[in-house]
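Engineer: The chain contents come next:
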Amino acid sequence: DTGVSQNPRHKITKRGQNVTFRCDPISEHNRLYWYRQTLGQGPEFLTYFQNEAQLEKSRLLSDRFSAERPKGSFSTLEIQRTEQGDSAMYLCASSPRGAGSSYNSPLHFGNGTRLTVT
Amino acid sequence: AQKITQTQPGMFVQEKEAVTLDCTYDTSDPSYGLFWYKQPSSGEMIFLIYQGSYDQQNATEGRYSLNFQKARKSANLVISASQLGDSAMYFCAMRGSGGTASKLTFGTGTRLQVTL
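Chains as they are written, first to last, in our numbering: chain Z, 1 to 118; chain S, 1001 to 1116.
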């Protein structure tokens, strides 16, 4: 178990280009989350998967954003036609499905992908 | 909706002293969990401590303890014997038991600087 892995660590792209980030969760965790964090702010929820099902999407996730988790293992987050406002740290997290409620389980975060749109 | 408020943008503490980072929350869920995370300048979010809404005792993890006052809806983090390596951003977060049980909601964070 090496923790949550995110690639790449850094991405610089020009406005209008598409970018894709990958997240590999902790292997036994069936829940996977994407968050966005801008400078000086706390992480903001984007979307959440349980296995391969995308169960919740934030209103922050515009139609230029799409996330997939095709086999219930790794996930990808794609941003199409990037804008300068997309510059942020994109964090992935995972958590196990416990026997009881989920509210007592912490999320385990990766190191994030820092996106800079020029 | 859930809301986390951290009113201290920045705090300073001398090495070896204790410091309290404030967190208040608002939720209509009957059960919920409160979490604190540390984010060093390298960017990773490190889970520190958890407090359940029905836990009778305040949570402790090594030098970290959580001062949980349910009636006041506060969950302050206390770091004892501060070390230089404690300098980082600290985020308070919560998960509810209702429709929002799936995600963590974060506050805006407090930047802690430990000085010699």
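Be careful, since some hints might not be right.
[What the hints assert, rightly or not] Computed spacing ranges between beta-carbons, pair by pair: (1) S:Glu1061 <-> Z:Thr76: 27 to 35 Å; (2) Z:Ser73 <-> S:Gln1056: 24 to 32 Å; (3) S:Asp1026 <-> Z:Thr2: 47 to 55 Å; (4) S:Gln1083 <-> Z:His10: 27 to 35 Å; (5) Z:Gly85 <-> S:Gly1052: 31 to 39 Å; (6) Z:Arg81 <-> S:Asp1055: 30 to 38 Å; (7) Z:Arg22 <-> S:Gln1014: 36 to 44 Å.
[As the list claims (entries may be wrong)] Listed next, the in silico DMTMM-like pairs over lysine to aspartate or glutamate satisfying Cα-Cα at most 25 Å (straight line): (8) S:Lys1003 <-> S:Glu1017; (9) S:Lys1003 <-> Z:Glu56; (10) S:Lys1073 <-> Z:Glu83; (11) S:Lys1003 <-> Z:Glu28; (12) S:Lys1003 <-> S:Asp1029; (13) S:Lys1073 <-> S:Glu1061.
[As the list claims (entries may be wrong)] Some chain S residues well away from chain Z (every beta-carbon gap over 10 Å; in silico): (14) Met1011; (15) Val1013; (16) Glu1015; (17) Gly1033; (18) Ser1041; (19) Ser1042; (20) Asn1067; (21) Ser1082; (22) Gln1083; (23) Ala1093; (24) Gly1096; (25) Ser1097; (26) Ser1102; (27) Lys1103; (28) Thr1105; (29) Thr1108.
If you are wondering where the hints come from, they were derived from the structure by calculation, not from laboratory data. Please read these numbers as outputs of a predicted model, since none were measured by experiment. For each residue, glycine too, the CB sits at the ideal point set by N, CA and C.
Engineer: Now tell me, hint by hint, if it's right for this structure.
Structural biologist: Here is how each hint holds up against the structure:
1. S:Glu1061 <-> Z:Thr76: 27 to 35 Å: holds (34 Å)
2. Z:Ser73 <-> S:Gln1056: 24 to 32 Å: About 39 Å separates the Cβ atoms of serine 73 of chain Z and glutamine 1056 of chain S, which means 24 to 32 Å is violated.
3. S:Asp1026 <-> Z:Thr2: 47 to 55 Å: Since aspartate 1026 of chain S and threonine 2 of chain Z have Cβ atoms about 37 Å apart, the given range 47 to 55 Å is violated.
4. S:Gln1083 <-> Z:His10: 27 to 35 Å: holds (29 Å)
5. Z:Gly85 <-> S:Gly1052: 31 to 39 Å: holds (37 Å)
6. Z:Arg81 <-> S:Asp1055: 30 to 38 Å: Roughly 47 Å apart at Cβ, these two residues miss the hinted range, so it is violated.
7. Z:Arg22 <-> S:Gln1014: 36 to 44 Å: holds (43 Å)
8. S:Lys1003 <-> S:Glu1017: violated (30 Å)
9. S:Lys1003 <-> Z:Glu56: Holds: lysine 1003 of chain S and glutamate 56 of chain Z sit about 18 Å apart, inside 25 Å.
10. S:Lys1073 <-> Z:Glu83: violated (39 Å)
11. S:Lys1003 <-> Z:Glu28: violated (30 Å)
12. S:Lys1003 <-> S:Asp1029: holds (12 Å)
13. S:Lys1073 <-> S:Glu1061: Status holds; Cα separation ~21 Å.
14. Met1011: Its Cβ never comes within 10 Å of chain Z, the nearest being 15 Å, so this holds.
15. Val1013: holds (20 Å)
16. Glu1015: Holds: least Cβ distance 25 Å, greater than 10 Å.
17. Gly1033: Nearest chain Z Cβ is 4 Å from glycine 1033 of chain S, so the label is violated.
18. Ser1041: holds (12 Å)
19. Ser1042: Check fails; 7 Å does not lie beyond 10 Å.
20. Asn1067: holds (19 Å)
21. Ser1082: The claim stands: serine 1082 of chain S keeps its Cβ more than 10 Å from every Cβ of chain Z (closest is about 22 Å).
22. Gln1083: Non-interface label on glutamine 1083 of chain S holds, nearest chain Z Cβ at 22 Å vs cutoff 10 Å.
23. Ala1093: violated (8 Å)
24. Gly1096: Violated: least Cβ distance 6 Å, not greater than 10 Å.
25. Ser1097: Non-interface label on serine 1097 of chain S violated, nearest chain Z Cβ at 5 Å vs cutoff 10 Å.
26. Ser1102: violated (5 Å)
27. Lys1103: Violated, because the least Cβ-Cβ distance between lysine 1103 of chain S and chain Z comes to about 5 Å, which does not exceed 10 Å.
28. Thr1105: violated (7 Å)
29. Thr1108: violated (5 Å)
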